[in-house]
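Trainee: What follows is the residue order along each chain.
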Amino acid sequence: MSAVIRLQNEPFDAAREQAALTCGRDDIGAVVTFVGICRGSEAGLRIVAMTLEHYPGMAETELARHVESAQQRWRLAGVTVVHRVGRILPGEPIVLVVTAAAHRQGAFAAAEFLMDYLKTRAPFWKRIEYADSTAWVAPRESDALSADRWSGPADMREAAE
Amino acid sequence: MKLRYFAWVRERVGKTEEEIDPPEGITTVAELMSWLTARGEEYAHAFENPKVVRAAIDQDHVRTDAAIAGAREIAFFPPMTGG
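As given, the protein sequences belong to chains A and B, one line each in that order. Taking the numbering used here as reference, the numbering of the first sequence is continuous, increasing by one, and the terminal residue is 161. Taking the numbering used here as reference, the numbering of the second sequence is continuous, increasing by one, and the terminal residue is 1083.
These are calculated hints, taken from the structure and not from any lab test. Treat the hints loosely; a few may be bogus.
Not the full set, but computed from the structure, chain B residues with beta-carbon under 10 Å of chain A [to be verified]:
#, residue
1, Glu1011
2, Gly1014
3, Arg1039
4, Gly1040
5, Gln1059
6, Asp1060
For every residue, glycine included, the Cβ atom is placed at its ideal position computed from N, Cα and C.
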């Protein structure tokens, strides 16, 4: 199983990342490619840009840990996670998750699992620039509930309380 | 030990990191947070709602009742909003 995990300032090309993962392989029957994109408005307010802050070191470690955990749950042929940091403009990609497996079920599930964990456990913080103000993005309860689906009783859920 | 701050915790404290030497009676993350709160208005503002602030010891998520003994780096930050 191949795993690529990258943090970067510049935008990424999802098609190229997916091709790199599947190129020359005949064991892959399904690829799920998810791209999170910066929206142009939030609650009716126009967004000028979004800045992604991260905890260097811990961010990479957490991503690697979640990718490993996905590998243990599903039989994956490959995973690519790219997360951007720094300033991102509306319409630009923020995060990429590519999961490859022999069959679609594992690829779909692993992509959702990785995104749910990225949203709630990986040390990244979004700050939105509006025309005349800025605001840190508040966590969404629905994201926490999505991540909870994957948790066992001994998970870090308690740590968040 | 080194303290690191991220996102609005960093903005409120007014620094990204600092070296501190807490007194012996401070043994847990929660106690460290209340000790910091007493250090000044900027800390009081950052930790005014301690239930919201998350912590990591040596780059691992921890609960606030975690022991700080032996920690090299403790980070405080808001709930994460990546992805």
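Trainee: List, from low to high, the hint numbers that the structure doesn't satisfy.
Mentor: Those not satisfied are hints 2, 3, 4.
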